[in-house]
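Residue numbers (my numbering): 1 to 155.
Keep in mind the hints are simulated off the structure, nothing from the lab.
Careful: at least some of the hints might be erroneous.
Heads up, simulated DSS-like pairs for lysine-lysine below, C-alpha to C-alpha not over 30 Å straight-line [as the list claims (entries may be wrong)]:
hint: 1; residue 1: Lys-32; residue 2: Lys-59
hint: 2; residue 1: Lys-59; residue 2: Lys-16
hint: 3; residue 1: Lys-2; residue 2: Lys-59
hint: 4; residue 1: Lys-128; residue 2: Lys-32
hint: 5; residue 1: Lys-16; residue 2: Lys-2
hint: 6; residue 1: Lys-59; residue 2: Lys-128
hint: 7; residue 1: Lys-16; residue 2: Lys-128
hint: 8; residue 1: Lys-2; residue 2: Lys-128
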Amino acid sequence: MKRLILFRHADAQPPKEDMDDSLRVLTAQGEKSIRMIEHAFSNILRSYESVAIITSEYKRAIQTGEMLAAMIDSSITATASCIQDGDLDALMRIVDTYSQDTIVVVGHQPYLSDFAFELAGVSIPFEKAAAASFLLGSEYVRFEWYVTSELLTRV
Numbered sequence: 001m002k003r004l005i006l007f008r009h010a011d012a013q014p015p016k017e018d019m020d021d022s023l024r025v026l027t028a029q030g031e032k033s034i035r036m037i038e039h040a041f042s043n044i045l046r047s048y049e050s051v052a053i054i055t056s057e058y059k060r061a062i063q064t065g066e067m068l069a070a071m072i073d074s075s076i077t078a079t080a081s082c083i084q085d086g087d088l089d090a091l092m093r094i095v096d097t098y099s100q101d102t103i104v105v106v107g108h109q110p111y112l113s114d115f116a117f118e119l120a121g122v123s124i125p126f127e128k129a130a131a132a133s134f135l136l137g138s139e140y141v142r143f144e145w146y147v148t149s150e151l152l153t154r155v
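Construct all of the structure, not just a fragment, from the sequences and the given hints.
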């Protein structure tokens with residue numbers, strides 16, 4: 001059985017008319033928020049046997065994924081356009097190709113909320129630097145947990 005963890009990127013530069021959205025980077029506060037959850041979230045990730053990290057192709061998601069990967073002395077496994085495009089079917093085909101038991105997907109709103117609803121019928125707001133976990137059975141998907149960065153900093 002696989003576990004899918006959906007993780008929203010941390011705080012990024014605000015959108016600008018003259019800037020390609022894919023090039024927006026994390027703010028200093030966004031980077032700080034990931035550093036602040038490092039202890040708690042790395043313990044979560046290390047509790048699983050094997051972890052792969054897939055991010056959208058957008059810079060802010062890649063930066064977030066790199067910081068998550070560094071927590072467990074790893075690296076991003078792949079980037080995938082289906083994450084920023086909101087294509088759950090394509091994402092699940094990619095997830096199915098991995099042998100790791102836990103796949104972390106770093107992405108964006110509103111697509112992460114859409115994915116959660118399509119997978120398990122749950123409505124999750126996905127604040128920045130928040131995560132939700134789902135168990136992927138052969139015939140079902142079960143929502144497991146949701147945690148915000150604020151809660152993780154208290155652990």
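Each hint tested on the structure:
1. For the hint linking Lys-32 to Lys-59, the alpha-carbon distance of about 17 Å falls within 30 Å, and the restraint holds.
2. Between Lys-59 and Lys-16 the alpha-carbon distance is near 15 Å, which keeps this suggested pair within the 30 Å criterion.
3. The suggested pairing of Lys-2 with Lys-59 holds, with an alpha-carbon distance near 27 Å, which does not exceed 30 Å.
4. Proposed proximity of Lys-128 and Lys-32 is supported: the alpha carbons are some 12 Å apart, at most 30 Å.
5. Proposed proximity of Lys-16 and Lys-2 is contradicted: the alpha carbons are some 38 Å apart, above 30 Å.
6. Distance restraint check for Lys-59 and Lys-128: the Cα-Cα separation of roughly 15 Å lies within the 30 Å cut-off, and the hinted pair is therefore satisfied.
7. Taking the CA atoms of Lys-16 and Lys-128, the gap is about 19 Å. The hint holds against a cut of 30 Å.
8. Distance restraint check for Lys-2 and Lys-128: the Cα-Cα separation of roughly 24 Å lies within the 30 Å cut-off, and the hinted pair is therefore satisfied.
The structure shown violates just one earlier hint, number 5.
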